[in-house]
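Could you put together the complete structure from these sequences and hints?
As given, the protein sequences belong to chains R and P, one line each in that order.
Residue numbers for the first sequence, in our numbering: 1 to 157.
Residue numbers for the second sequence, in our numbering: 1 to 120.
Honestly, the hints are just simulated from the structure, not real lab data.
On a predicted model such as this, the values are computed, not experimentally measured, just so you know.
Each hint should be verified, as a subset may be incorrect.
As the list claims (entries may be wrong) - With a straight-line Cα cutoff of 30 Å, these simulated DSS-like cross-link-like pairs (lysine-lysine) come out: (1) P:K112 - R:K117; (2) R:K117 - R:K19; (3) R:K117 - P:K10; (4) R:K19 - P:K17; (5) P:K10 - R:K19; (6) P:K91 - P:K17; (7) R:K117 - P:K17; (8) P:K91 - R:K117; (9) P:K91 - R:K87; (10) R:K53 - R:K87; (11) P:K91 - R:K53; (12) P:K112 - R:K19; (13) R:K149 - P:K10; (14) R:K19 - P:K91.
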Amino acid sequence: MSDAIQTELWLEAFVGATKEVAEGFLGLDSELVTQEVGVCQPSSGAYIAVAGKRSTRHLGLVCDEQGRQILAEAMLCVGDDDDPLDKEDVTDAVGEVMNIIAGGIKQRLLDRDPSLKLGIPIFVEGRAHSPIHCQGGQAEVLLGQVAAKLVILGTES
Amino acid sequence: MKILVVDDSKVMRMIVKRHIRQAGFGHYTVEQAGDGAEALDLVRAGAPDIVISDWNMPQMNGIELLENLRAEGNAVPFGFVTSEGSADMRKRAADTGALFVITKPFTVDHFKDALSKVLQ
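Given below as C-alpha cells:
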C-alpha cells in the first residue's frame, strides 16, 4: 500500500494553511465553500511545487484579476490614498501569498513526509492542462470578497 | 549603517523593509538584492551590518549564499526570513552560521526580537 500523502490530506492542509494566512496575515475573513477530490480546474494564478520522496504536488491559488489585486493590496496594506499596484507587483504579491501558504502546508504534512521541500512560486496566465492520470483536487474559498480556488495537481507516488 | 535584504520577490523585500523600519531600525539604510549571487557581490563590495535573506531563490539560494560567505571568511551577521521553518532547516541554518530564522508570515515583533540582538 502506498505511503504517499493522499489528495484529501493535501486539500485539508491547503484549506487550513490558506485560512491561517488569510485571517492572520492578510486580515481577510475566510470561508470554505466547496471541497472536492478528483476535480481540478487549473487556470490563471500563482503556483508552487511541493516535492518529497513520497508525494509531489503543484498547488495553485487561482482567482480573477480583480481578486488578485485585492489580495496584493491586502498583503501590502495599500490604502485608498495609495497608488494602485501595477500588474507585476500584483503577480509578485500573489506568488508570495502562495509561497507563504505552501510553507504552512509543508508544516502540516511534515510528519507524513519529512522530505517535503518547496519550489519557487510562479505565476501562470491562462489555462493549465493536467494529464488524465494526475490525481487532483480543489477547494473553492472566499477570502474576504475574493472568490478563489485552491487547486492541487499531481500524482501519488 | 546598512542592512542587506535578499529576496527574489520585490514585494517581499518591500514588506521586510517596512517591518525593519517599524521594528525601530529605520535609521539603517536598506539595500536590496534579488538573489544570492547579487547579494554576494554586494556584501563583498559594501560590508553590511547584517544580511536578511530568503531561503529559496534562483541563481543562488540563501543557504548557498551563507555558505559562500563563511567559506570566504566573511562573518557578516546573517538571518533568514523564509516560508519554510522546519526543524531541519533551522538546524542547517544555525550550523552554517545564521543567527535567526524568521518564518513567514511574520510580525514586527519577530524583527524587533531578532535584530535587537545584533544591531544598535
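Verification of the hints:
1. P:K112 - R:K117: 28 Å, holds
2. R:K117 - R:K19: 21 Å, holds
3. R:K117 - P:K10: 22 Å, holds
4. R:K19 - P:K17: Status holds; Cα separation ~26 Å.
5. P:K10 - R:K19: 24 Å, holds
6. P:K91 - P:K17: Roughly 26 Å separates the two Cα atoms, so the pair holds.
7. R:K117 - P:K17: Given that 30 Å is the threshold and the Cα spacing comes to 26 Å, the pair holds.
8. P:K91 - R:K117: Satisfied, since the Cα-Cα distance of roughly 15 Å is no more than 30 Å.
9. P:K91 - R:K87: Measuring from Cα to Cα gives roughly 38 Å; hence the hint is violated.
10. R:K53 - R:K87: 36 Å, violated
11. P:K91 - R:K53: 21 Å, holds
12. P:K112 - R:K19: 26 Å, holds
13. R:K149 - P:K10: 25 Å, holds
14. R:K19 - P:K91: Measuring from Cα to Cα gives roughly 28 Å; hence the hint holds.
The earlier numbered hints that this structure contradicts are 9, 10.
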